[in-house]
Amino acid sequence: MNGNFMTRILLGALFIIQCSSFNAVAADDYRKRISQTGEMFSEEEDIKAEVVFGRVLAARILGRFPYYEDDRLNEYINKLGKGLAQFANRPEIEFRFAVLDTSAINAFAAPGGYIFITRGALAKMGDEAELAAVLSHEIAHVTERHIVKELNIKGTDNSPVSGFAMVLGGGSGAVRAVFSQMVDKAAEILFEKGLKQQDEFDSDRVATIIISTAGYDPTALKRYLKKISGAEAETKSLTDTHPSFFDRIKSADQVLADNQLASVKQAIVKERFKDNVKIN
Amino acid sequence: MKIITRCTLPMLLLLVAPSVQAAIIYVQSVRAPILASPSFGSSRLVEAVKGEALKELESKAGWHKVSYKDKTGWVSRFLVGAKPPAGRVSVLEGSSENLQSGARRRASAFTTAAAARGFAEDRTRVSDKYKVNFNKVERMEAIKISDEVAMSFIREGVGK
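Chains as they are written, first to last, in our numbering: chain A, 1487 to 1766; chain B, 1341 to 1500.
These are calculated hints, taken from the structure and not from any lab test.
Treat the hints with care, as some may be off.
[As the list claims (entries may be wrong)] Partner residues are not named here, just some residues of chain A that face chain B (Cβ under 10 Å, in silico): (1) 1529; (2) 1545; (3) 1546; (4) 1547; (5) 1550; (6) 1552; (7) 1560; (8) 1576; (9) 1578; (10) 1583; (11) 1598; (12) 1612; (13) 1614; (14) 1696; (15) 1698; (16) 1749.
All figures in this text were calculated on a predicted structure; none of them were measured in a lab.
Even glycine gets a Cβ: it sits at the ideal position worked out from N, Cα and C.
Produce the entire structure from the sequences given, and follow the hints as far as they go.
Encoded structure:
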């Protein structure tokens, strides 16, 4: 009796463990199962909140700087950017890219995958690897959710952004006003205050990882930072909101050294860049 | 019966041991090199692709030590996540490829899209500090490039 009982317990436990072990490695089955739970639903709402927030912030960026009317160039930037984004860890985000018509050297990322680079930043670049590095730095701000974490943007009811879920569902005027203030805060971060310095260093690190995994020259970001470090007038908006070029170049050197990437030779892609980026 | 019990117990222990030690992480990027040491310059043992499960053995300083196929190596935390890669989430109508199915997904996507659009229209009235331009946001969103086209573009560029 006892032996029979023990056997049943063991066989039952064995069955449960077998099932859990199988599920742990069967990604597709796991996805199907978890998609039926509330947990994933709330995560999806958080992502939607992020995209709606980012979209409204993107409208502020495009309200401040004109869209650069060059379809070929914008298509090129999108092909490159969307390709690079596939080497990052947020496949649920649809990344979108646009060139801003300003001589200032800068780039911006809004949550939800809205990414911008200025005409001035492109004008200083010499090859596609440098462009890939700057776009990847912005992609990293999205993948690392820097603004999302800073402002605690969530789609669920317990978000400190009071009533954000209601905004997603239509929202009242008061709720929308709160939402609007949060977007203004994010715009202030982008245009005036800047993110945490560590966030910028982290994005530089991730950018180097993305471009080197994709097959581009790992030193491209460092090369570009060195190149623009002398352009004081054009980089004022950048240096006001980012760590100094000296510190970023030093940090880039450290990332390259830590990863033994300083002397790794990978693609620079000069010709295709020159064909697509014709900015004086 | 005792024989069955004796045979089952060791099997149980064998199965429990790895499941307790190893967590599963999933490749989120299109590909993730598994490296000999926690450094991108170290030799590439094998490459996992998006969606594949890796057994995590330990983690340190932005790296996970993993077991994959018959290899044990290191993968960057920037290429993996705790859950299988999700489908793309969109707030725009007609482009939602999200995780749920059925009416709930469609209703959710529609409501959010409507909110995004309706909210966008209100923005011109609410924000005093910044100008907004949703027409150009829509211009950005109108550029359609598939993941496959973008990936081919990268491969052509870097010669891989």
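Evaluation of the provided hints:
no., hint, in the structure
1, 1529, "8 Å, holds"
2, 1545, "4 Å, holds"
3, 1546, "4 Å, holds"
4, 1547, "9 Å, holds"
5, 1550, "7 Å, holds"
6, 1552, "8 Å, holds"
7, 1560, "6 Å, holds"
8, 1576, "7 Å, holds"
9, 1578, "4 Å, holds"
10, 1583, "8 Å, holds"
11, 1598, "8 Å, holds"
12, 1612, "15 Å, violated"
13, 1614, "6 Å, holds"
14, 1696, "8 Å, holds"
15, 1698, "6 Å, holds"
16, 1749, "9 Å, holds"
Of the numbered hints given earlier, the model fails hint 12 alone.
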